[in-house]
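K.L.:
Following our numbering, the numbering of the sequence shown begins with 1058 at its first residue and continues without gaps.
Read the hints as simulated data drawn from the structure, not as lab findings. Treat each hint with caution, since some may be false.
Unchecked claim - Across the chosen pairs, the derived CB separations fall in these ranges:
no.: 1; residue 1: V1363; residue 2: M1299; range: 23 to 29 Å
no.: 2; residue 1: M1479; residue 2: R1508; range: 17 to 23 Å
no.: 3; residue 1: R1380; residue 2: F1475; range: 39 to 45 Å
no.: 4; residue 1: S1137; residue 2: F1190; range: 21 to 27 Å
no.: 5; residue 1: W1167; residue 2: G1069; range: 32 to 38 Å
no.: 6; residue 1: R1378; residue 2: Q1101; range: 34 to 40 Å
Built from N, CA and C at the ideal position, the CB exists for glycine as well.
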Amino acid sequence: MTASPDDTAFFGHPRGVAYLAFTECWERFSYYGMTSLLTLYMVQQLFLPGHVEHVQGLEALRHVLTAIFNTLFGHHGPLSDIAFASQIYGWYGGLVYFTPILGGWIADRWLGAKATVILGALLMFAGHLAMAFDASFLLALALLILGSGCLKGNISAQVGELYPAEAESRRTQGYTIFSAGINVGAILGPLTCGALAAAYGWHAGFGAAAGLMLLALIVYLAGQRHLTGRSPRAERMELPPMTAAERKRMGLLILVAATTLFPNVAYPMIWGIGVLWVDQHVSLWTPWGGVPPSWFNSIDPFASVVAVPPLVALWAWQAKRGREPSDVAKMGIGSLLTGLSAFILVAGALLPGADGKTAVWWPLAGFFGMGVAFLYYWPVLLALISQAAPKQVTATLMGGVFLSFFLGSVIMGWVGSFYDTMSPAAFWTLDGAIGMVGGLLVLAIARPVARALEPVPDGDTAVG
């Protein structure tokens, strides 16, 4: 089911795009608002005496992660608090992006996309409330992980369903607009939650995240009549089994999604370790007082918003002249930009000011570059999956692409464990190299893979 071709009420796009974008806006407000505080909260309060002993299951988790880390890297002794916080952040962020494949399966086989999104929003709301208590810290993370799994892939899939199959360019634009809504929330979340945490304590920031998660649910419910609604059981009866060509197409899409692993290691590093680096090494003084380091997590989503109009205009201009890069090539460009942005942080670390601190312009530029890079690879991937995936597995595959974020975040957590054993310049060089290598690999395969995934006429099952 798709929206009517005449439904162009939202800047030339279906009304449902607006409701989905604003739902994700407030959901991402809650998510990024909380995560902008998470690493700092663990290091500066939760792991301190008077708090750490109250957290249910934390010592057992530290023991497990220490044993794994020591086995993998030949390390001996306990993890530092920074290393432990980095690994918790990495596993939390990773599992948030692992569970969408389960959410997609639930939607495809059981509840349908709409009901699964509503369930996810309720679980996330409960998780943010549980952050108010030391004892339920790990339970809160578990609820947020499960809720995000139900919500993320399914709400992304609903964007693509609003467009006819042949509307490839408009669908990509729609996903870019949807991504802009996500990033508006990602801008406001760290700013608001960070300010509340600085003024009234950590739990005030977490409480704001809970409130905005509830608003996300309200917006989604208000827009139901403008969204598509599949009946998973009925569609299973209508759709035939996948052909060999469709299975090949699915395999190619999985390969393409796997290439985003490299930027998904390098980019999220700024959300956890990046905030710590800013707190420790960047000059945050202003004539109006100090700036909360968590605010820096608003820079990359801000870039992902302001860069949308020029990027959409650029791609449209290129498309009219037959020079627009393929979606796969765009993803390679995004990975290269991720690496280049990390090298900006290297330059900042190597060129401190007279006070020994890095000037604020370096992280501003580096974090901004990461946000532009994101637009080149992630919404483009979602649009490609929506257009090219076999209908029998669209929601499952849309959820499955988030496995790249899962693996990237887990690897990011392990790489971040070395932060306090390396110089900042060496650490950000390592991060930049990961993005650059990924970009070169993607560009090497971009042309043949893009050709194999080109749209085919209805009824034609050829691939490549």
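K.L.:
Each hint needs a verdict: does it hold in this structure or not?
P.N.:
Outcome of the hint check:
1. Distance hint for V1363 and M1299: a CB-CB separation of about 41 Å, inconsistent with the stated range 23 to 29 Å.
2. Take M1479 and R1508: their Cβ atoms lie about 42 Å apart, and the range 17 to 23 Å is violated.
3. Between R1380 and F1475 the C-beta distance comes to about 42 Å, which sits within the given range of 39 to 45 Å.
4. Checking the proposed 21 to 27 Å range against S1137 and F1190 shows it holds: the Cβ atoms sit about 25 Å from each other.
5. A hinted range of 32 to 38 Å for the beta carbons of W1167 and G1069 is consistent with their spacing of about 35 Å.
6. For R1378 paired with Q1101, a C-beta distance near 53 Å fails the hint of 34 to 40 Å.
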